[in-house]
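K.L.:
Below are the chains, spelled out letter by letter.
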Amino acid sequence: MTDLSVDVVVIGGGATGAGVARDVAMRGLSVVLVDRADLGQGTTGRYHGLLHSGGRYVISDPESARECAEENAIITRIHTDAVEQTGGLFVVTPEDSEEYSEGFMAGAAKAHMPAEEITIAQALSREPRLHKGTKRAFAVLDGTVDGWAMVWGAVESAKEHGATVLTYHEVDKIHRVGDRVTAVECIDRKAGGRITIDCRFVINAGGPWAGRIAGFAGCHDVDVVPGRGIMIAMNHRLVNSVVNRCIYPADGDILVPVHTVSIIGTTDVKADDPDNLPIPRNEVQQMLDSGAAMIDGFREARAVHAWSGARPLVKDNRVKATDTRHMSRGMSVLDHLERDDLHGLLTITGGKLTTYRLMAKRIVDIMCEQLGEDRPCTTDQEPVPTSRKTHNYKVTHRLEERDHHFQEDQIICECELMSKQMFTELVEENPDATLDDLRRRLRLGMGPCQGGFCSTRAAGLLCTNGIQDSAGATLELREFMKHRWMGLWPILAGAQVRQTALDEWIMRGTLDIDHAPGDENPPERYPVGVPTDSEAVEVAR
Amino acid sequence: MRDVMVIGAGLSGLVAAIRLRQAGLSVALVHKGRGGLQLGQGTVDVLGYRPQRVARPLDELDEFLADQHRASDIPHPYAHTGADAIREGVRYLAELVGEDYLVGDAEVNVALPTAVGALRPTAYYPPSMADGVISLDPAKPGALTAGSAVVVVGIREFKDFTPELIAGNLALNDLPGGGRLEARADWVSFPARDGEVDSTGLNIARALDDPARRGALVDQLKALVRPGETIALPAVLGHEDPAAFADLRAQVGSPMFEIPVPPPGVPGMRLNDRLTRIAKEARVEVFLGSNVLGADSAGGVLQAGVVGTTGHDTHLKARAFLLAAGGFESGTLELDSYQKVSETILGLPLAIPAGELIHDTWAGQQPLFSVGVATNDDMVVVDPATNKPVYSNLYAAGGVLAGAQRWDEKSGEGIAVASAVRAADAIISNLAGGQR
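Residue numbers (the UniProt record's numbering), protein chains in the order written: chain G, 1 to 541; chain W, 1 to 436.
The shape of chain G in the complex, shown without the other chains (with noise of 0.2 Å):
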């Protein structure tokens, strides 16, 4: 029995996934995506929102510092409204040796990437916060992008192309008839039962789950590493552009801003699990130390959320380092055919967000040659529905979209100026969106009181439009404030505390709704990863 029959399964709903189904699509092949959980709700969504200029990669990998320049222009073009064009700064901090960046110029020029070393009084006038200490400077063209944005922008491409996009779908088998994929078996998590999809090639885009589902098809070792990093938010823009330690990549080597925060990142630890990643408090110590060496006053600043994600990093002891399919530093392609004799499965991980639309070009080339299809890439050519008319988007584009409707439209979320009618048409297009599915894609709940206010109103008009029932609403606001809470103890101090101490004050004191009807502390209803009996923490941006 099969439910849907296309040429093509995705599996894995992030930047990567999105980006291999939009351009599968856009090459006249049809095609589903099908992701366990929300789109970008995993390793997409747990990154700091940094758009490379090559900056980073020019001395230790300047072929990875040409593709990212390259893209940066393109990703800018083809996605407007997920890409700020912050510009960026390297600075050589008090606490860093001057010797990396004696090379910084000569490796931008090699990677053909646009650089400037700049006065610190110049650098001092873009970004007043900047440690007085700091010895040098560079400015480049970093931008940040928010990933669900671009996720999202790539997904509307590829359905108007004639993608299918299944959600809270989690693959647990792959169907192969002898040495063939044949189709892809899912479970639908939110409406219950199994769907079967008919395909004729699978690209496993599953990140640090990759290995896992690799294994569904009978192919096993694929092993992923997750590398565990933390970020923070910081309130408010402390800066206006990225600011990069001139230094070989390190923990905490980057301040993004990205809409009204600006966020920190990050470690780098080998993980056992991706479904369950602490937010170690040394690792947030270190976060702050570092930050301070940017940033004066860094400490003293709000931090206001903390997550957790895991880059996937393919350990294969099948491939060797000569293997041409390695396309470039943090990008593997596994190919299944060579490698486990089985037709119409490739696997991709790790890879930059920035890359992504080359990465997805670069795997659907292979796959193309593997059906003997000759059908070329145009994913550069075309913007996402969501950026045709749109120019990039500054951190004031919501005040400025408010402004036009003043007067006749509620506020919900003050932090982020979210609307009821924002609200309003994303759920009635989305009936079984989550309060967290929503915030992904209208920013709510994530600012300084993380959900202490917009919370609740939220989950009234869940009810209001009859999407949901009371009780239902209250275990969505009940949720909502899990996960916004599980992000916020492990960095709560300073402003925040005396934030929390009122939003604490609302929540339980006023509205008491520990007492509301339903379960005081809900378990997760769509539960993602391999159950657990471990206490681990819970993460959820």
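Do not take every clue at face value.
[To be verified] To spell it out: a stretch of chain W is covered by chain G in this simulated footprint if at least three of its residues, at any positions, have a beta carbon under 8 Å from a beta carbon of chain G; those stretches are:
| # | region |
| --- | --- |
| 1 | 118–130 |
| 2 | 250–262 |
| 3 | 398–411 |
[Unchecked claim] A partial selection of chain W residues facing chain G, derived with a Cβ cut-off under 8 Å:
| # | residue |
| --- | --- |
| 4 | E63 |
| 5 | T114 |
| 6 | A115 |
| 7 | T200 |
| 8 | T309 |
| 9 | E329 |
| 10 | G331 |
| 11 | I358 |
Rather than coming from a laboratory, the hints here were simulated on the basis of the structure. Using N, Cα and C, we set each Cβ at its ideal position, and we do this for glycine too.
With chain G held as given, fit chain W onto it using these hints.
P.N.:
Just chain W, lined up with the frame of chain G:
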């Protein structure tokens, strides 16, 4: 020289200042901003959960304190004040403000509907909430009982009150005496100002202070209410005019009550304004907008508070000092990025529970929020390491006190008034016996 300097103008600071003044002492009330009352809901919580719902807070106090004692090394503020000070504090407050502001009984809790449709226990409440009372005392039925019909009415222009959520949940609660309410949702429109779609509760309340504006709301309510129904509205029915609610209710002709909403809390503001007026009438000397930057001391005695007034710092001398400046929510207590907690005004030593201060879950209490200053039974601030007074003439009351989880227990106002009365009485008796 003043007799007493009170720092903070929340519930405990105002109550203590008035009581001290009524005893004939000169009082300087120094505060940075308006107190926390205006963020609250205008009720007086004594003890609502321990963690099961509490029906008779003072009767259950000993058991509650025994459980607290087993769970934590930090004594609860009620362990110092005792039940008598709670009784006296609540009585004193209720008599000060009068029955237009507070009604109830410190001995028996009632449950009141919240803006997410929970039933929240409290001891005293504004008369505007009386028609929503659900009794926790089997002998005395409340206004709402099993089968009572409630229509929860939202105001379109006000976003912090969703009738469908409230009514739906209200109908799902089992009442303390068994049975359930019947509840339905409806809406009215009442822009606080012409053409306004996004009104604050305070602006709506101010609009309803104007008798001429009330008619528009009355007409809509009369049209929607069904016979036998009680109307529930957000607690925004009048701000400065204490008769606004009664007038609305009389004009509509149906039972009607207010449900508290997130801040700004209009019922809290009404109480705040009332107490502030009483303090001024009693000639408490008020220093508004003044940070206390530190203090002068000698020989274990505080001599003067350093107040950040315009132009220069004022060293305000007093014979006794009361710290009533609130807790973390007021900025009196602070946790820095190295996870060190401190008291920011006088740099006092703090009682800090053993173990992790913050754990990573949603449900349950965070030990951090029980951090505060330790006192003896006279509310004199002591060093928790030695139990010796830090300064012989420094007292503390309210949210700065260690050992309580106020929003979970629903004990905030009870602690504030009990500690305020206890501290004020200790100061009065010490100063009277001394070198006046």
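K.L.:
The hint names E329(W) as touching chain G; please verify it with the least Cβ-Cβ distance against 8 Å.
P.N.:
Where the cut-off is 8 Å and the nearest Cβ of chain G is about 4 Å from E329(W), the hint holds.
K.L.:
Does the nearest C-beta of chain G fall within a distance shorter than 8 Å of the C-beta of I358(W)?
P.N.:
holds (5 Å)
K.L.:
Holds or violated: the hint that G331(W) contacts chain G, with Cβ atoms closer than 8 Å.
P.N.:
For G331(W), the interface hint holds, since the closest Cβ of chain G sits about 6 Å away, which is under 8 Å.
K.L.:
Minimum Cβ distance from E63(W) to chain G below 8 Å?
P.N.:
violated (20 Å)
K.L.:
Is the interface hint for A115(W) satisfied, with its Cβ closer than 8 Å to some Cβ of chain G?
P.N.:
holds (6 Å)
K.L.:
Taking the closest Cβ pair, is T114(W) under 8 Å from chain G?
P.N.:
This interface hint holds because 5 Å falls under the 8 Å limit.
K.L.:
Three residues or more, CB to CB closer than 8 Å: is that satisfied between the region 118–130 of chain W and chain G?
P.N.:
holds (count 3)
K.L.:
Tell me if the interface restraint on T309(W) is satisfied: Cβ within less than 8 Å of some Cβ in chain G.
P.N.:
Since the shortest Cβ distance to chain G is 24 Å, the answer is violated.
K.L.:
Against chain G, with CB atoms and a cut of 8 Å, does the hint on T200(W) hold up?
P.N.:
For T200(W), the interface hint is violated, since the closest Cβ of chain G sits about 11 Å away, which is over 8 Å.
K.L.:
Within the assertion that chain G covers the region 250–262 of chain W, do at least three residues meet a Cβ-to-Cβ distance smaller than 8 Å?
P.N.:
holds (count 3)
K.L.:
Counting residues of the region 398–411 of chain W whose CB is closer than 8 Å to a CB in chain G, do you get three or more?
P.N.:
holds (count 4)
The structure is inconsistent with the numbered hints 4, 7 and 8, although it conforms to all the rest.
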